[in-house]
Structures are given as C-alpha cells and as structure tokens.
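Visitor: Those protein sequences? They're chains A and B, same order as listed.
Each residue of the first sequence is one higher than the last, beginning at 1 in my numbering.
Each residue of the second sequence is one higher than the last, beginning at 77 in my numbering.
Check each hint, because a few of them may be wrong.
As the list claims (entries may be wrong) - Result set (SDA-like, lysine to any residue): computed pairs, CA atoms no more than 25 Å apart in a straight line:
(1) B/K298 - A/H45
(2) B/K409 - B/P129
(3) B/K407 - B/G227
(4) B/K416 - B/G125
(5) B/K298 - A/P46
(6) B/K416 - B/T193
(7) B/K298 - B/D270
(8) B/K298 - B/Y396
(9) B/K298 - A/A48
(10) B/K416 - B/D270
(11) B/K298 - A/T50
(12) B/K298 - A/G51
(13) B/K298 - B/P382
(14) B/K409 - B/G306
(15) B/K298 - A/L55
(16) B/K407 - B/Y396
(17) B/K298 - A/M1
(18) B/K407 - B/R264
(19) B/K298 - A/V47
(20) B/K298 - B/T343
(21) B/K298 - A/G49
(22) B/K298 - A/T52
(23) B/K416 - B/H254
(24) B/K416 - B/P189
(25) B/K346 - B/D372
(26) B/K346 - B/S419
(27) B/K346 - B/A357
(28) B/K409 - B/L285
(29) A/K71 - A/Q31
(30) B/K409 - B/H240
(31) B/K298 - A/N54
(32) B/K409 - B/A373
(33) B/K407 - B/S233
If you are wondering where the hints come from, they were derived from the structure by calculation, not from laboratory data.
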Amino acid sequence: MRDGISIARLGIPSVALVTEDFWPQGDFVAQSLGMPSAPRVRLPHPVAGTGTNNLRHVAEQIVDEIIGALKVRPAA
Amino acid sequence: MLEAGDEAEALEQLHEMGCTDGLPVVVPTPERVDRMVLASGLEADLVLGEMGPGMGVATVEKVATAAVMAGCLPDYMPLVVAAVRGVIDPAFDLTEMQATTHCTAPLVIVNGPARQTCGPVASGFGALGPGHRANATIGRALRLTMINIGGARPGSSDMALLGHPGKFTYCLAEDEEHSPFPPLHVARGFTPDDSVVTVIGAEAPHSVLYSGNADDPDDAEKLLQMLAVGLANMATNNAVLTGGSAVVVLNPEHAEIFAHANMNRETVAKRLWELTHLSVADLERYAAAFAGIRGDAETYPAFPSPEHILILMAGGSGLYSMVMPSWCAGKHKNSAVSVKVESDQFCEIPGLAAVTESPSTEQ
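Pulled out of the complex, with its shape left as it was, chain B reads as follows:
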C-alpha cells in the first residue's frame, strides 16, 4: 500500500513509479478500488490469469485498480474483466505481443446488450476518437493492466519501435442497430442476446477511401478491391508474415453497398480473402527473407481463411472505412479472442451507476 499526503502527491508517485500511461490517473484509493470490485460481483482475490511479459497475476482487485485509475464507471467493470480475460487467453499471445517491436495494441470490440448496460459504448461518429467515456476508459483500463500487471514498459519490456495511439485506448462497439449484417459475435458463434468482447492485436486504423456509385454494377467489387489493398498490401505483416487475422470496420455507406449487392458478411470476407492472394514474385522481391517456401504457385493467401478477416460496422456514414492489419506472429499468429461478458454477478452501486442513458449508436 502506497501512502501520500494528498491526491496530487499520490499522482506524482504513480507517475514516478511508471504505473501510469503518462496521463493523469484517478488515484486508486482503497475505497475506490473496493467499490469497483463490488461492482464486478466477483471476489477481489479471484485470479483471472497471468499477464506477460512480467507474468503478474491478474486478480479482480488488480483489474479493478486499473479500472479506477483509467476513470471507469463501475458499470464498465464486466467489460474490463472480459477484455482482460481475452488478452490472457493463450491464443492471444499476450506476452509476445507486448514485447514485439511491431506496433500492435488490443482492439476491444463490444457486441450485444452490454454495449448499453455496461456503457454506453459508442459505435457511431468518432467511436475510436476522444469524447466517449466508456470507449476511452475501458481500453485505457486494459492498457493499465498490461503495464502494471503485465509489466510492459517502453524500451525495456515493451519494445514497440513507435507504438501507436491505440495503445492508450482502443475500444468501440459495433453499430448492430444500423448494420445490414448480423452482429460480429453472432458470426463468431454466440447468440444475439449474449454480450461479447472480442480482442485482437491490431495496428492503428488505416483509412480506406471509397466513394460509391449505385449506378455502377461493379460498385461492391471496386470497394472490395480497395479494402483488400489496405488489408494486405506488401508493406503489411499480413502480406509478409501471413497466417494472422485483420479487422475491417465498414462505415454504414460501405456496408450498404454490400447489402445492395446482396452480399453478407461471409461473402464479403470470402471475396476479401480471394483478393488478398498476393504475388509470390512480389513477396520474393520485397521480403525475400520472409518468403520461405511457397512451392510452384504464383500466388499465396495473406489470410489462412475468410474467417480470419473480422468484419464489423461502426462509425459515421461517409466515404471512409477502416482496416486494421495485425502483427501475425506469436504461436497463434495474433488470433482474435471472443469472451462472453459475465454480467450476472454485476452489482449496481447506488449513486455510482452511469447517469446517462443516451444511445451509443446515434449518428
């Protein structure tokens, strides 16, 4: 237990100890942490798992401490816990991902009713930008667990050459209400009533500009080709290392182009998978050291299967979708992990629950 004369002194102590992300945090007093633990409905000493590379033990209390520091409302705790469970899953390769020189951060995607009951988590305009408390603090809480439990510190254990701004927070919800497709978590085997957090180590969002034209019979195909260029151009790890996953965040207009062409998530993913078959000659030219043995084929797939391309709809309506290539390394090649949110035990704290009920999906 740390001691300090006042909050300002405590904050400086936390900064000096390297326990923050560089921004001011809410000082995690025992009372604040206790309330956050209570909100989780879980025992304080319940072990969620170990977080590499420091192999710290993530207890509910430590996760609650990070949530307090990040500025979370108690309502958000089930989502923070689910996100931590996600990155702890061996398939996520947390230890390797935290230590890599690549610029990767866990993107937290929220689906299902918890978008509202544990939020609201924004899915519309600027969902990945500033101004949405749940998005800002849930992702930040996960990062603070990765720093303080996982021990990731820049230049000594987190060797990202530059990192990216999503390492402060990287959290959004899917705009299920406006999407022409069933929600992402349903495509991944859950029911619509489940609340699910999906985490994937991802690069910063790369913008894909496409101005649709409903009079053009090739509208959807052209959009697919543009998305494919962003997803796996020869400068990405997905193209060079292969074997990993990546994320496509369609804006409502682009999603509508696919719906208009009678395409669904599966057919979009399949076509993107086909369009990200790349030239072996190009790989050998630009990345000979990674080319390996490709046999006699002239092309190779950047993604093992269409299911490795995660597609969701979020953001305002306009010309820009986003793609997030990934690192594609670690034992599991940077897999996406989905975790059901356990909110049955969630305990509402009188006077501390979110006071806003505004929908996260307003455009």
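For reference, chain A alone in the conformation it holds in the complex:
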C-alpha cells in the first residue's frame, strides 16, 4: 500500500495488490497516509507459495481489474 501511494503521489498510475486477510490493513494504511481511495485490488489469501498454476489462475482473474484500477486517478 505504501509503495502504491508513494508512486501515485508522483503522478504515476499505481495499484496495490492486497490479499483478503490483509485488506483491513490496506484500508488502515490508505487512511493513515491520507489517500483513502488509493487504488487497490483484492487477491485471495494466501497467494505466495500456492504454486505456478494457482498464480496464473489468480492473475487471469484480476488482470482486468488491475488495468481498470490503473486508469483511475486517486484523490489527494
């Protein structure tokens, strides 16, 4: 989240990938850094270690959402 917000502040499109279990923390960080609408996409949890096939499957499911989020300019 912090990286995504820092990059967005530079005017560069960014999106944070946040897994389900860490979604509340993502909200918290976005709020505390003053960019509550920082673009983020929800991933299932866990992703790490779940194998190449699953990573491909997750990527296919969220790629459009990521592209969509990158088109949104966040407030602040």
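Assemble chain B onto chain A, guided by the hints.
Guide: Relative to the frame of chain A, chain B by itself:
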C-alpha cells in the same frame, strides 16, 4: 482484609506488598470478588488444591480475587478455574516449575465452545499479543494465583534467570474453525463438544519461518525439518534434558501445507518426533554433563513419543509458525495437563456479562 482510603491508595498497597505483577490491577474489593465467585457457580471456600512453592491453598475465593485483579470479566471464570486446576495437577510439577532458573510459563490453550461462551478467547491475528481482553486477563489471573497463592516472587522463590514475557499472560484459543485437523482436545481424548483448557510450562514462542511452495513435492517435509530445528535444536532443554513435551502452533498456511500432503496431526507429530532424533556425539560435545548413558546408539530421541509434541493451529495466515520448547524437568518432565471446563454451574451475572459477541477466530 486490607483497608485503604481510596482505590489509588489500595493499589499502591498491593504493589508494595508484592501482590501484583508490576502492572496496575483492579482493586479486589469484597463486592467485586463476591460477584466473581458467584459467576463461578462454586462455593467460595471450595479448595481446588495447593500451589507451590509457597503451598498456599487455592480456594475459589482466592482464585476469584486474582481474576478480579487481572481484569477478567465474570464470563471468564470457568476458564480461570480450569487453568488453576491444571497447574495444580501433580503432573504439572508446579512447585518445581515456579522455582526453576529456566524461563518457563504456563501456556493456556483453550478448546471447545468455551472459547466463545467464556470469552471470546482470540485464536487469530496476534492471539498471543496485546489487544484481546480474555487472552490478556485469563493468563494474567493464572499468574496472579501463582504469585499470591503459590508465593512465586522473583529472586527469592521464583528463580527464573530472566523469565519471559509470557509470564505476564500466555493464553490463546485454537482456531478450530479453520484448522484442517480435529481440535487438539479431541486428539487428547475429549469430545468436540467438551470445552478444555490445556496447560503446559513453555518457553516463549520461537518463530519458524517457512515460505511454502505448492509446486515442490518436498514442501511438507521441508516445513517439518524447519519446525524440528526450532523444537529441539541442541540449545534447547528438550534436546539436552529430553523426556518432556513441546508445543507447535501452526499458522493456517503451514497447516494447509500438511493437509495438502495428506498429513494429519498424528502423522505430522510422528515425523517431527523422527526428525528430532539427535546425534549422541553432538550431545556429548555440547552438553557432556547431561549426556548420561546413551548406549551404543548414534542418535537419541528428544521426545519420548510423538504425543509429547502438542500441535494446534492459531494465528494469522502467513510465513510464521511458532514452537515453544519446554523445561523438561520436574518429576513429570513438564507434562501437559488438560482439564475439562466445568461451566454447568456457571452463573451469568446480569449487567456484567461480556457485551461483545465478535468471533475470536476472525482473520
């Protein structure tokens, strides 16, 4: 009965008398203690047993006093009573454990419906950390009984060289709802509907880092090897003194790695037991004074049996599981003791019951 002009004065008195753990306590006024006794549904003067090394008599009233001081809600009383019964069990070796120079504290593991009805006792993110009232105060109440009934005071009767932070409180529930294994208490002979408190003298949690890889056919075996290193490396009492128990708290991801490999609690414990067979030569090199007679064998088991390795699932999902080696001394070698929670007699106190119903297992 102590007397004081006000609560602040009473608190200072309790600190001066060595009746606290160093943090502020709720002043145990007769009214507060009476309400806590009432919540237990037990007679105030019912004797639960003696607590060493001071050999104080643990009555329900004294335990209730500790629960008040710790900040417990009355709802928690059946769990506090069960935990006290657990450490009083001779198999727990309380007197020796309280007096040892080792860093050991009773880890309180809660299973069954009482996780909610007498809690909620947290089992998810940060279950052993701050922010969960039941976890914080149930473990603290047990510690206050060990101080005020058992007489354990640092440097005179509690000789732990450093102790560890779990001596303030050390309590969590198992995340039964998300675990791929049956609950710990079922593995220890109880039914799923029983509520059970298991206590074991344990070191502080040691983190075991393992990043899984579902594409690796040796994923589960590698995780087992890492857990085994943490459980019984040559610097632990389990490796040197042997004969005791230890605890493995799997995080959900690590538990899933075992489930994915078609392993259950028993097969995980058996493999950990095998992997904690250690080199006699290493023992003689690093701990000759404790090596004893090992015969002609090249290896020896750190644990008497797989059942001596307690496995449960708790915590948030990620890379870290925890292992808690133990002291491995005392007559019973630091056994784990499980006690069924008697909540039949529990009396709900109007206006004092827990107002929160949030699940303890949310991730």
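Visitor: Does each hint fit the structure? Answer for all of them.
Guide: Now the hints, each set against the structure:
1. B/K298 - A/H45: Roughly 22 Å separates the two Cα atoms, so the pair holds.
2. B/K409 - B/P129: holds (17 Å)
3. B/K407 - B/G227: Given that 25 Å is the threshold and the Cα spacing comes to 20 Å, the pair holds.
4. B/K416 - B/G125: Distance ~16 Å between B/K416 and B/G125 Cα, so the pair holds.
5. B/K298 - A/P46: At roughly 19 Å apart (the allowed maximum being 25 Å), A/P46 and B/K298 satisfy the hint.
6. B/K416 - B/T193: holds (14 Å)
7. B/K298 - B/D270: violated (34 Å)
8. B/K298 - B/Y396: It holds: about 14 Å lies between the C-alpha atoms, which stays within 25 Å.
9. B/K298 - A/A48: holds (16 Å)
10. B/K416 - B/D270: Since the Cα atoms of B/K416 and B/D270 sit roughly 7 Å apart, the hinted pair holds (cutoff 25 Å).
11. B/K298 - A/T50: Holds - the C-alpha atoms of A/T50 and B/K298 are around 15 Å apart, at most 25 Å.
12. B/K298 - A/G51: holds (16 Å)
13. B/K298 - B/P382: holds (18 Å)
14. B/K409 - B/G306: holds (19 Å)
15. B/K298 - A/L55: holds (21 Å)
16. B/K407 - B/Y396: The given pair, whose Cα atoms are some 33 Å apart, is violated under the 25 Å limit.
17. B/K298 - A/M1: violated (31 Å)
18. B/K407 - B/R264: OK: B/K407 and B/R264 at ~21 Å, within 25 Å.
19. B/K298 - A/V47: holds (19 Å)
20. B/K298 - B/T343: holds (15 Å)
21. B/K298 - A/G49: Judged against 25 Å, a Cα distance of about 13 Å means the pair holds.
22. B/K298 - A/T52: holds (19 Å)
23. B/K416 - B/H254: holds (22 Å)
24. B/K416 - B/P189: holds (11 Å)
25. B/K346 - B/D372: Measuring from Cα to Cα gives roughly 24 Å; hence the hint holds.
26. B/K346 - B/S419: violated (34 Å)
27. B/K346 - B/A357: Answer holds: B/K346 to B/A357 is near 23 Å, not above 25 Å.
28. B/K409 - B/L285: violated (28 Å)
29. A/K71 - A/Q31: holds (21 Å)
30. B/K409 - B/H240: holds (20 Å)
31. B/K298 - A/N54: holds (21 Å)
32. B/K409 - B/A373: This hinted pair holds, its Cα atoms lying about 23 Å apart.
33. B/K407 - B/S233: holds (19 Å)
Going through the hint list in order, the structure does not satisfy hints 7, 16, 17, 26, 28.
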